[in-house]
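Peer 1: What follows is each chain in one-letter form.
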Amino acid sequence: GAVVSQHPSWVICKSGTSVKIECRSLDFQATTMFWYRQFPKQSLMLMATSNEGSKATYEQGVEKDKFLINHASLTLSTLTVTSAHPEDSSFYICSAKSGGLTDTQYFGPGTRLTVL
Amino acid sequence: AQSVTQLDSQVPVFEEAPVELRCNYSSSVSVYLFWYVQYPNQGLQLLLKYLSGSTLVKGINGFEAEFNKSQTSFHLRKPSVHISDTAEYFCAVGGYQKVTFGTGTKLQVIP
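Chains X and P, in that order, give the protein sequences. Per this note's numbering, numbering through the first sequence is continuous, rising by one, with the last residue being 116. Per this note's numbering, numbering through the second sequence is continuous, rising by one, with the last residue being 111.
All clues given are correct.
Between beta-carbon pairs, the in silico distance windows are:
no.	chain 1	residue 1	chain 2	residue 2	range
1	P	14	X	40	24 to 34 Å
2	P	10	X	9	21 to 31 Å
3	X	3	P	17	30 to 40 Å
4	P	14	X	53	43 to 53 Å
5	P	10	X	59	26 to 36 Å
6	P	72	X	59	19 to 29 Å
7	X	86	P	12	29 to 39 Å
8	X	9	P	60	15 to 25 Å
9	P	5	X	40	13 to 23 Å
10	X	16	P	64	43 to 53 Å
11	P	84	X	45	19 to 29 Å
12	X	40	P	80	29 to 39 Å
13	X	65	P	53	36 to 46 Å
With a cut-off of at most 20 Å between alpha-carbon atoms, the simulated SDA-like pairs for lysine to any residue come out as follows:
no.	chain 1	residue 1	chain 2	residue 2
14	P	69	P	48
15	P	69	P	54
16	P	98	X	53
17	X	41	P	100
18	X	41	X	10
19	P	98	X	29
20	P	98	X	60
21	P	49	P	28
22	P	98	X	42
23	P	58	X	104
24	P	98	P	1
25	P	98	X	104
Hints were generated in silico from the structure; no laboratory data involved. None of the values given here were measured: they were computed from a predicted structure. All C-beta atoms, glycine included, are put in the ideal place defined by N, C-alpha and C.
Let the hints inform the model, and build the full structure from the sequences given.
Peer 2: Listed below in structure tokens is the structure:
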């Protein structure tokens, strides 16, 4: 089956620093990648959708200048949390799909971000 | 617009007993439905999906779900649960590009 990896799996950083999270599709080309945020005991909230080579589409309420998304290749997307604050602490999950409307999204294992 | 309702936040069940996790959806476009499982501190794994065709969908780990258009439901079932099924289960509805997730149901299998 399709595999999506995320790196790092967990990160602790100081308030005010920036953190980059990578999402890679290991055995397929991901035309579309998604970034989600999951708060404790809650569901996944879609943050943004990115298509390779174009700007990400952000969901309402998500600050695009704070959560920078780059999808430079068909196998890699990055999420950079800029000037992180404690309230940005969360579980960030990416997913990727290769085809059209009905194609399955394959999820990465998630990255636990803790901002001190 | 699309939305998913998972009425039960937690479902305790004894090992080897059957279980049903409920999911109701609404969507103004064609309906694609999914069930995902999430183990602690991990990402989501697809259990099964309904795109079209037979309304009874079989997935991995012995799970199955039935699409009921008139009741706008997509309940997940397993005839006999194992301890290893303890996890959180998310129902999701997909439309153009976007997938909307329910709030999840935590399945607790009691030995």
